[in-house]
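Colleague: Sequence:
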Amino acid sequence: MNLLDAKVIKTAYGLETYIDAEKNIEVVDVKLPDEQQDKYRIKIGIQYYLLREDKDLYESHDYESQMNYFWMAMDKELSGLELLEPTTENLFAVKDKGERDATKQMISEWMIHTNAFKQGILRAMEEMKQEQSPEKTKMAAFMKELLKLNDEHVEKAPLIKCS
831 MNLLDAKVIK TAYGLETYID AEKNIEVVDV KLPDEQQDKY RIKIGIQYYL
881 LREDKDLYES HDYESQMNYF WMAMDKELSG LELLEPTTEN LFAVKDKGER
931 DATKQMISEW MIHTNAFKQG ILRAMEEMKQ EQSPEKTKMA AFMKELLKLN
981 DEHVEKAPLI KCS
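So this note's numbering is basically just the index in the sequence shown, starting at one, shifted up by 830.
Take these hints with a grain of salt, some might be off.
[To be verified] For lysine to aspartate or glutamate, the following EDC-like pairs were computed, each having C-alpha atoms within a straight-line distance of at most 16 Å:
| hint | residue 1 | residue 2 |
| --- | --- | --- |
| 1 | Lys873 | Glu912 |
| 2 | Lys837 | Asp850 |
| 3 | Lys974 | Glu907 |
| 4 | Lys873 | Glu915 |
| 5 | Lys873 | Asp931 |
| 6 | Lys861 | Glu965 |
| 7 | Lys991 | Asp931 |
| 8 | Lys978 | Glu912 |
| 9 | Lys991 | Glu912 |
| 10 | Lys840 | Glu894 |
| 11 | Lys978 | Glu939 |
| 12 | Lys840 | Glu915 |
| 13 | Lys840 | Asp892 |
| 14 | Lys861 | Asp926 |
| 15 | Lys934 | Glu982 |
| 16 | Lys861 | Glu907 |
| 17 | Lys966 | Asp859 |
| 18 | Lys853 | Asp835 |
| 19 | Lys927 | Glu915 |
Keep in mind that the hints were calculated from the coordinates and are not lab data.
Use the sequences and the hints to build the structure in full.
Modeller: Set out below in structure tokens:
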């Protein structure tokens, strides 16, 4: 039997269902600290399914697959985690405070522990190692630190809008 782990967040727009499947987590971009930004950053995409609910819960439902993103950032010492909201396709957008808190809780208690997250990070690390450059080695070291994150790191991380 193939049993999948999932989390569901109830929002004003319906039920967001996050499933632990490798295809649902994507490492989109990794950035090193530079003159403009003094942090390591990784952009992660999460595919989820939105079950839109009509006013009458017993009427028709409409599933919609969506991919939205957020950034994780750490300082040069690879500590001090921050969650950053991108300006577009933001995982935290159009959510009230309770829904945003639930999304952050989903990341801290569930996503960082899933096989999908770990496999996505490991796959990106392998791609970095194949390029064999000092920059890619630093990026891979940063991603290795992400695999050590625990619930408390994410729960304490501030949620900051990107400019």
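Colleague: Could you run down the list of hints and mark each one as holding or not?
Modeller: Results for each hint:
1. Lys873 with Glu912: holds (12 Å)
2. Lys837 with Asp850: Measuring from Cα to Cα gives roughly 9 Å; hence the hint holds.
3. Lys974 with Glu907: Holds, at roughly 13 Å.
4. Lys873 with Glu915: The given pair, whose Cα atoms are some 10 Å apart, holds under the 16 Å limit.
5. Lys873 with Asp931: violated (19 Å)
6. Lys861 with Glu965: holds (9 Å)
7. Lys991 with Asp931: Status holds; Cα separation ~15 Å.
8. Lys978 with Glu912: holds (15 Å)
9. Lys991 with Glu912: Since the Cα atoms of lysine 991 and glutamate 912 sit roughly 11 Å apart, the hinted pair holds (cutoff 16 Å).
10. Lys840 with Glu894: holds (15 Å)
11. Lys978 with Glu939: This hinted pair holds, its Cα atoms lying about 13 Å apart.
12. Lys840 with Glu915: violated (20 Å)
13. Lys840 with Asp892: holds (15 Å)
14. Lys861 with Asp926: Measuring from Cα to Cα gives roughly 29 Å; hence the hint is violated.
15. Lys934 with Glu982: holds (11 Å)
16. Lys861 with Glu907: holds (15 Å)
17. Lys966 with Asp859: Cα-Cα ~12 Å, so holds.
18. Lys853 with Asp835: holds (14 Å)
19. Lys927 with Glu915: holds (14 Å)
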